[in-house]
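There are 2 protein chains.
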Amino acid sequence: MAKDKKLVEAITSMETDFAQWYTDVVKKAELIDYSSVKGCMIIKPAGYAIWEKIQKELDHRFKETGVENVYMPMFIPESLLEKEKDHVEGFAPEVAWVTHGGLNPLQERLCVRPTSETLFCDFYKNDIQSYRDLPKVYNQWCSVVRWEKETRPFLRSREFLWQEGHTAHATAEEAEERTIQMLNVYADFCEEVLAMPVVRGRKTEKEKFAGAEATYTIEALMHDGKALQSGTSHNFGDGFAKAFEIQYTDKNNKLQYVHQTSWGMTTRLIGAVIMVHGDDSGLVLPPRIAPTQVMVIPIQQQKDGVLDRANEIREELIKMGIAAKLDDSDKSPGWKFSEQEMRGIPVRVELGPKDIAAGKCVLVRRDTREKIECVLGEVAQKVRELLDTIQKEMFERAKAHRDEHICDAHNYEEFKIMVNNRPGFIRGMWCGEQKCEDLIKEETSATSRCMPFQDQDQISDVCVCCGKPAHKLVYWGKAY
Amino acid sequence: MAKDKKLVEAITSMETDFAQWYTDVVKKAELIDYSSVKGCMIIKPAGYAIWEKIQKELDHRFKETGVENVYMPMFIPESLLEKEKDHVEGFAPEVAWVTHGGLNPLQERLCVRPTSETLFCDFYKNDIQSYRDLPKVYNQWCSVVRWEKETRPFLRSREFLWQEGHTAHATAEEAEERTIQMLNVYADFCEEVLAMPVVRGRKTEKEKFAGAEATYTIEALMHDGKALQSGTSHNFGDGFAKAFEIQYTDKNNKLQYVHQTSWGMTTRLIGAVIMVHGDDSGLVLPPRIAPTQVMVIPIQQQKDGVLDRANEIREELIKMGIAAKLDDSDKSPGWKFSEQEMRGIPVRVELGPKDIAAGKCVLVRRDTREKIECVLGEVAQKVRELLDTIQKEMFERAKAHRDEHICDAHNYEEFKIMVNNRPGFIRGMWCGEQKCEDLIKEETSATSRCMPFQDQDQISDVCVCCGKPAHKLVYWGKAY
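Here the protein sequences line up with chains A and B, keeping their order.
Residues 1 to 480 in my numbering are what the first sequence lists, from first letter to last.
Residues 1 to 480 in my numbering are what the second sequence lists, from first letter to last.
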């Protein structure tokens with residue numbers, strides 16, 4: 001039994017040290033490994049399989065809205081990166097530079113893409129001529145590089161995987177509509193698939209993307225009360241179009257600038273899933289994102305008929321469209337339980353000779369640890385329902401936790417007390433001046449997360465920082 | 001009518017200039033565009049959709065053999081690249097070097113991966129301890145960079161997309177088995193899905209991968225008689241394991257080196273499909289790889305009921321699991337036909353008011369141009385069968401073309417005449433000396449493509465070059 005416990009004991013408890021708990025989970029659940037390249041991670045099969053599920057689901061949702069996938073070069077010539085002033089200021093300090101190709105120095109440095117607005121603009125400039133060529137609704141799945149100083153697996157690494165959508169439209173209205181549409185695709189995906197509630201809203205000027213007219217964001221709350229920006233959607237207006245001369249001939253034969261958007265989600269989502277749903281036994285995966293949804297674990301598998309019956313159950317589950325596996329390794333059942341829990345597999349089926357004799361087995365929920373007796377022959381149906389229940393309840397629990405960690409601050413005193421004593425989102429009015437945002441960040445480490453769409457309460461009429469008249473509600477919080 | 005012809009007239013005929021024909025097709029079928037980064041291409045939606053089909057099919061076949069996907073960093077520290085002597089010699093002259101991260105010079109240069117053997121070895125070194133950890137059968141989908149001097153879309157570019165499998169095994173036998181297994185996965189995929197016959201065989205020492213013990217290859221023949229290496233699978237033996245100290249404890253508690261393999265296929269396959277199946281009207285896609293399999297084109301679509309009936313047909317096709325689209329744009333039918341042909345869509349359905357009145361429509365095969373009358377109501381069933389027929393016949397035609405372009409050379413005189421007059425594979429015996437390979441290449445530009453598995457004819461008993469005794473049959477040819 002002591003040996004069976006080893007896996008769980010290897011992780012720090014959340015209460016003791018949340019950051020260490022996180023690091024332990026990503027390692028022990030075998031999601032990542034560190035590499036010889038500082039700040040770059042190796043995504044192992046268990047981690048990559050989650051990313052594949054995310055990709056498949058998001059890509060399907062994208063295509064339903066008319067998105068087409070493409071692939072742009074991974075390099076950006078320095079002169080191209082520099083074409084849009086705000087953009088280059090935002091990214092140049094954190095890019096990796098290629099200076100040599102083979103044995104020869106390059107005539108012009110190339111950066112490894114930190115994001116691909118400039119490449120798409122350079123392409124659209126030639127590809128778009130007439131209103132008939134619009135809209136362009138392109139996306140690519142790729143990796144990008146940002147030379148971060150401090151890195152953490154999934155949350156911030158020098159290289160990460162993502163998708164980046166880049167669109168061009170005839171009108172400002174259409175661009176704004178697409179920006180919001182994609183934010184909603186992201187939000188729905190997070191809530192329906194990752195069981196992770198999000199706040200949808202707009203970033204302040206200070207926090208918006210380099211070169212954007214407006215940045216919209218979805219913000220999730222982690223178990224430790226910190227916020228995580230989980231997806232962003234940017235409306236560029238015609239700023240990039242003017243910098244890159246992307247014009248089309250409209251129906252009246254007049255030259256017009258296009259209006260553009262971009263939007264992205266990254267492997268950071270895997271970090272979000274860990275920190276929203278995980279517990280002291282490891283990962284807890286929502287069924288819709290779990291590469292393996294059910295692990296069948298035989299007890300006394302050496303006894304006659306046990307493995308056969310366990311295999312039958314696995315096959316019944318697969319026939320029902322459930323991703324089920326059987327652990328018939330020579331480890332002890334206790335060790336197998338720990339592994340299944342560490343990896344966050346939503347349901348396990350326990351089955352031994354006594355169960356078979358009694359015509360039943362035991363289903364165990366990963367999220368609540370609840371044990372449910374189940375008649376053999378009804379397993380697949382029961383598990384199907386159970387997975388739906390787990391998905392639904394995981395979202396409800398995460399939402400309840402999130403809602404319990406939102407509080408209202410009416411003035412700066414309240415704000416500072418809350419920041420220190422009640423981790424979570426703080427709702428507070430804001431006058432619109434960046435100096436208040438700067439001061440709050442400097443003194444409390446909290447940042448403005450977003451100005452929410454749905455939540456329009458005027459919780460007071462003065463700025464939570466300076467006390468001057470204020471009309472904008474902001475969600476504030478410490479963030480990853 | 002003159003206008004309708006424009007699209008086709010825009011491409012050079014194959015006979016006139018095959019290389020120009022190829023370039024015209026990739027541009028006019030909108031597969032790629034050139035980018036501001038020399039030697040790097042932009043893969044447009046029509047091209048990327050083919051790659052997505054290739055990925056989906058190959059990935060499925062990989063996973064059926066137990067492959068798991070992972071993601072490794074895109075950078076390799078110089079010292080890591082240098083660990084295996086032959087490998088670094090093969091790749092160092094053609095890699096891109098990152099020397100700066102943000103504003104600071106790096107302590108050690110990083111190359112952008114040209115291939116990831118060294119990264120996988122560095123990872124396996126720590127991840128593999130015991131025989132219980134074996135085998136590792138990992139793969140990644142990513143882009144790689146090789147600083148080529150001359151580039152051509154899909155066939156040779158500085159950055160390209162591929163998959164690279166990297167495995168580690170307990171025994172030499174198991175590694176060899178996996179190497180051959182994956183070559184067969186590649187060959188079956190090419191023949192069954194891309195309708196492209198291949199010769200399976202082994203590369204000579206001169207042509208094998210840098211650092212490999214043995215390289216196996218599949219070689220396809222393009223329409224112009226040149227060969228294209230379409231996929232390779234390498235057995236490394238324990239060479240990399242020794243260079244990287246990748247050892248495991250066997251069942252007798254003894255330390256052993258692992259045996260490794262790697263295998264890859266790239267976006268070059270799209271180039272192969274173009275050059276095997278294309279014609280003077282553009283691309284011809286085998287149905288199993290065509291993102292759009294059927295284009296429904298209405299005639300006199302402004303007439304009552306035509307668009308409705310065309311839409312119904314599209315929906316019937318989709319219900320049958322066929323990727324069908326309707327072209328209801330305001331272009332002329334002739335122009336739509338040209339576009340559908342240029343893009344290689346396997347079948348088009350023509351439907352006008354007279355057809356509807358007669359209760360029929362016309363199906364047109366892209367590959368043979370054959371027109372087939374079809375009763376409305378039987379369209380989906382008929383198209384389903386037609387797509388299967390097209391797939392089968394495209395393979396048979398490509399195979400017949402390939403077989404017609406294989407000839408046997410018994411001595412160097414014959415060989416030289418054939419190289420100049422009969423483009424294709426030349427079968428010729430080889431003594432095993434590299435100096436014969438070198439001479440043939442220097443004097444004729446033909447290279448040894450492979451020593452075939454299946455084809456064991458002893459067409460003579462002397463080397464086709466030097467006349468000395470020879471036992472190895474080699475397929476020779478000019479290659480892309």
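Worth flagging that the hints you see were computed from the coordinates, not collected in a lab.
Treat each hint with caution, since some may be false.
Because identical chains share one entry, a pair is satisfied inside a single copy or across any pair of copies.
As the list claims (entries may be wrong) - Simulated pairs of lysine-lysine, DSS-like, Cα-Cα distance not exceeding 27 angstroms:
(1) K319 x K53
(2) K331 x K63
(3) K56 x K319
(4) K392 x K472
(5) K38 x K136
(6) K83 x K399
(7) K63 x K53
(8) K125 x K27
(9) K149 x K208
(10) K331 x K416
(11) K478 x K251
Taking 27 angstroms as the upper bound on the Cα-Cα distance, should K331 and K416 be classified as within, between, both, or neither? This pair counts as neither: shortest intra-copy Cα distance 52 angstroms, inter-copy 65 angstroms.
If the cut is 27 angstroms between Cα atoms, do K83 and K399 qualify within a copy, between copies, both or neither? Answer is neither: 43 angstroms inside a copy and 51 angstroms across each miss the 27 angstroms cutoff.
Evaluate K319 and K53 at a C-alpha cut-off of 27 angstroms and name the case that applies: within, between, both or neither. Both. Shortest intra-copy (19 angstroms) and inter-copy (25 angstroms) distances satisfy the 27 angstroms Cα cut-off.
For K56 vs K319, is the C-alpha pair at or below 27 angstroms within one copy, between two copies, both, or neither? Cα proximity of K56 and K319: in one copy and across copies (21 angstroms, 22 angstroms).
At most 27 angstroms between alpha carbons: which applies to K331 and K63, within, between, both or neither? Cα proximity of K331 and K63: across copies only (25 angstroms, versus 44 angstroms in one copy).
Between K392 and K472, at a C-alpha cutoff of 27 angstroms, which is it: within one copy, between copies, both, or neither? neither (33 angstroms within a copy, 65 angstroms between copies)
How would you classify K149 and K208 at a CA-CA limit of 27 angstroms: within, between, both, or neither? Result: close within a single copy only, 21 angstroms intra versus 41 angstroms inter.
Which holds for K38 with K136 at a C-alpha limit of 27 angstroms: within a copy, between copies, both or neither? Between copies only: 24 angstroms across, 37 angstroms inside.
Alpha-carbon proximity between K125 and K27, which holds within one copy, between copies, both or neither at 27 angstroms: between (45 angstroms within a copy, 17 angstroms between copies)
Intra- versus inter-copy proximity for K53 and K63 (alpha-carbon distance at most 27 angstroms): Both ways: K63 and K53 sit 16 angstroms apart in one copy and 15 angstroms across, limit 27 angstroms.
Which holds for K478 with K251 at a C-alpha limit of 27 angstroms: within a copy, between copies, both or neither? neither (49 angstroms within a copy, 51 angstroms between copies)
When held up to the earlier numbered hints, the structure conflicts with 4, 6, 10 and 11 and fits the remainder.
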